[in-house]
Amino acid sequence: MDSHPDTTRHRPAIPNWARVLLVVALLYLFLAGVKGLETGIKVLGSGFTDSLFDGVSNPLAGLFVGVLGTVLVQSSSVTTATIVGLVGAGTLTVESAVPMVMGANIGTTVTNTLASLGYLRRSTEFRRAFAGATMHDFFNMLSVAVLLPLEIATRFLSRSATWLASTLRDSATVDFTEPDSPIKAAVKAPISWIERLLEQFTTDEGIVGTVLLIAGLIMIFVALAYITRNMRRLVLGRIERSLNAALSRGGGLPAMVLGMVITVTVQSSSITTSVLIPLIAAGVLSLRNAFPVTLGANVGTTITALLASLATDGNAGLAIALAHMLFNLIGIAIWYPIPRLRRLPVLLAERLARLAEVRKSLVLIYVVGLFILVPVIGVLTLR
Amino acid sequence: MVLEFFRGGADSQLEEIEGLIIQMLLDCRHTFDLAINALIGGTDPASVGKQISKTDVGINRAERKVRKELVVHASVHGPRADLPMVLSSMSIVKDAERIGDYVKNIWDIADTGVDLSSAPDIELLRRYRDTTSVFIGKAARVFKERDVAAAHAMIQEFDEVQDEYDAGVRRQLDSEGSPTDAVARALLFRYLKRIDAHLMNLLTSLVMPVHRLDFYDEKKADRV
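Just so you know, the protein sequences line up as chains A and B, in that order. Residue numbers for the first sequence follow numbering that gives the first Met the number 0, so the first one is 0 and each next one is one higher. Residue numbers for the second sequence follow numbering that gives the first Met the number 0, so the first one is 0 and each next one is one higher.
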C-alpha cells in the first residue's frame, strides 16, 4: 500500500540516537530540578516552609493535597518528585508525605478518565471507556481506603520504607544517599552555580530560595514532560507490538509486568492507561485483561520518585520514594491475588459506567467532585 | 508479551499487518485452486472440503487480527497514526475475507453434485480458472511490492475479464441445456466476477484515494 501524498509540513525527524542523548540530558535536568527544589527550600529556612505545610500534618489534608496537586499538573510523577524534594529538604516528614503520595496515585487517574470522555456521544463505547478509566480510580481509592487508616494507626508504610531505605543504604556498594556521591555532586554543581549567581544580585535569602524553588519546579516539569514525549516516540513501535501480543494472550501477571515496563520507559502511567482507553472503548481489549496493565502502570510510575531520591540528601527522600512503591505493591497484593477481590474494582467501575451511560450528568459530578471539589473542600477544612 | 517490548523491529506494526493481508490472499489462492478443481477438474469435493473450511476459518481469524492490530496502531500512535493506511487496510482486509467466502461458495456448487469437468466448454472454464488463480497470486505480489504500474495494468485486465463473466451469465439465461448446469454456471461466473472485483478493490488502494475505494468502476480518472 502506497503512502498517500501528505500535504502537511513536517519538521525533520530527530534520529533515535539523538533522542536517547536528549533523554539522558533531560534526566540530568530532572535531577538538577529536584536538587534545586530541595536547595531552595533549605535556603528559605524552616519558618517559611513550616507555615506552608503546617496543615498537612493532618493525613486527610495531605491526601487531598496529593490529589489536587496531581490533578493540577496532570502528572503524578511531577507531584511525587516534588514530594521527594520536600522530604529530602526536611520540610515534610516521611509520615506526613505518605498520604500525599497516596493522593497523587488517585489524582493521576484523572487523565485517562478525561480521555474516556471523548466517547461521550457513543453510549456503548463510552460505557466501556469510562469503566476502563474508572477501574483505575476504584483500585486506587480502595487501596487508600484500606492502607491510609492502617498507616495512620500503625505508620507501617513509613516505617517499612524508612527501614528499607536504611537497609538499602547499608548494603549498597555505592552509597547514593551520601552528599558526595557522584550523582549528587553532578546535579549539585549547576544549582550551586545558580545560587552563587543569584547571591551576586541579592543577599535576600527569601528571593534566592524562591527563585531556586520555582526554577526547580519548572525544571522537574519540563524535564518530565520532554522525557515522556521523547521516550514515547522511541518506544511507540515496541508498545504497539507488545499490546498486540497482550491482546492475543490475555491479561494476568505478564500484562502487569508489561504495564510496568511501558510506564517505566515513558515515565508516565497516564500514557500507558490512556493508550488502553481506545482499545477498551472499541471492545478489542476487555476490562479484565486491561486491569493488570493498569496495576503495572501504578507500580511503574513509582520509578520517578526513586530517580528523584538520587538527587536528595539523606535517607528520607529514598524512604518516601520506597513508600510510594510499597503502597502500590501492597495494594496489588491485597486486591489482585484473590479473584473475588480482583473483580471488585472492575465491577464497581462497570456499575458506575452503566449509571453514567444513562445519566451523563453523573460523569461531570464524578469528575469534578472526585478530582476537584472534594479535595478543595478537604484541604480548606482540614488544614 | 513483555519480551515483545524488548524485541527489536519496525517502528510500526503496519508492515506486519500488510503481511497478514498478503498471507490471506495466498491462502485464498490455495483454497480457490482446490475448490474450482472440485467443480471443473474432477477432484472429489469431499476430499478437499475440510481443508477449504479450515483455511477459511484461518482467513476469518486473520481478518479479525488485522482489525484489532489496526485499532492498536491508531490508539498507540494517536494523531501520528497513518490514518489513510489504517482506513484502507480496514477496507481491503474485508475484500480478502470475501474472496475466501466466494471460494467456499464455488466449492458448495461442487458439493451439490455438479461436475463440469467433462463440459463441452471445459477449455474456457479452465482458462477462467487459470486466469483467476494467477490474478490472486499476482495481486498479492503487486500489493506486497506496492507496484503502482502493475496495479494499473491488472485493473485494465480485470475490466476485460469482467465483461466476459457478465456475458457468460447472460448466456445461461438463453441456455437450452439442463437447468442445474445453467444455474451452476451462472453462479460460477458470478462468483468469479466477485472474486475479481474484490481483488480490484484491493489493488485500487494502491492507485486511488481512500474515499474512492470500492468505487473503481464509476470514474476511471480517479485511478491515478
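Treat the hints with care, as some may be off.
Simulated crosslink set (SDA-like; lysine to any residue; CA at most 20 Å straight-line) [unchecked claim]:
1. B:67 x A:113
2. B:64 x A:283
3. A:359 x A:113
4. B:64 x A:244
5. B:137 x A:123
6. B:64 x A:281
7. B:67 x A:246
8. B:93 x A:361
9. B:137 x B:17
10. B:67 x A:369
11. B:67 x A:350
12. B:93 x A:235
13. B:49 x A:282
14. B:49 x A:244
15. B:64 x A:113
16. B:49 x A:283
17. B:93 x A:282
18. B:93 x A:189
19. B:67 x A:359
20. B:64 x A:236
21. B:53 x A:124
22. B:93 x B:180
23. B:67 x A:283
24. B:103 x A:288
25. B:49 x A:237
26. B:67 x A:244
27. B:64 x A:247
28. B:67 x A:281
29. B:64 x A:246
30. B:64 x A:285
31. B:64 x A:359
32. B:103 x B:55
33. B:53 x A:236
Computed, partial: chain A to chain B, Cβ under 10 Å [claimed, not checked]:
34. 195
35. 196
36. 199
37. 235
38. 242
39. 245
40. 246
Since the hints were derived computationally from the structure, they do not count as laboratory data. A quick note: this is a predicted structure, and the numbers were derived from the prediction, not measured. The beta carbon of each residue, even a glycine, is placed where N, CA and C say it ideally should be.
Query raised in the report: Is the hinted pair residue 64 of chain B and residue 285 of chain A satisfied, with a Cα-Cα distance of at most 20 Å?
Result: holds (15 Å)
Query raised in the report: Straight-line Cα separation of residue 49 of chain B and residue 282 of chain A no greater than 20 Å?
Result: violated (32 Å)
Query raised in the report: For the pair supplied as a hint, residue 49 of chain B and residue 283 of chain A, is the alpha-carbon distance within the 20 Å limit?
Result: violated (30 Å)
Report task. Given the hint that residue 64 of chain B pairs with residue 247 of chain A, test it: the Cα-Cα distance must not exceed 20 Å. Result -> holds (9 Å)
Query raised in the report: Hey, residue 64 of chain B versus residue 113 of chain A, does the alpha-carbon distance stay inside 20 Å?
Result: violated (29 Å)
**Report entry** Distance restraint between residue 103 of chain B and residue 288 of chain A, which requires alpha-carbon spacing of 20 Å or less
**Finding:** violated (35 Å)
Query raised in the report: Regarding the pair residue 64 of chain B and residue 359 of chain A, is the alpha-carbon distance no greater than 20 Å?
Result: Measuring from Cα to Cα gives roughly 33 Å; hence the hint is violated.
Query - Hinted contact residue 196 of chain A with chain B - closest CB pair below 10 Å - result: violated (40 Å)
Requested in this report: For the pair we were handed, residue 64 of chain B and residue 244 of chain A, check the Cα-Cα distance against 20 Å.
Outcome: Holds, because 11 Å separates the two Cα atoms, which is no more than 20 Å.
Query raised in the report: Given the hinted pair residue 67 of chain B and residue 283 of chain A, is their alpha-carbon gap at most 20 Å?
Result: Distance ~6 Å between residue 67 of chain B and residue 283 of chain A Cα, so the pair holds.
Query raised in the report: Taking 20 Å as the top limit, are the C-alpha atoms of residue 359 of chain A and residue 113 of chain A close enough?
Result: OK: residue 359 of chain A and residue 113 of chain A at ~14 Å, within 20 Å.
Query raised in the report: How about residue 246 of chain A: closest beta carbon in chain B under 10 Å, or not?
Result: Since the shortest Cβ distance to chain B is 6 Å, the answer is holds.
Taken one by one, the earlier hints fail for this structure at numbers 1, 5, 8, 10, 11, 12, 13, 14, 15, 16, 18, 19, 21, 22, 24, 25, 31, 33, 34, 35, 36, listed in ascending order.
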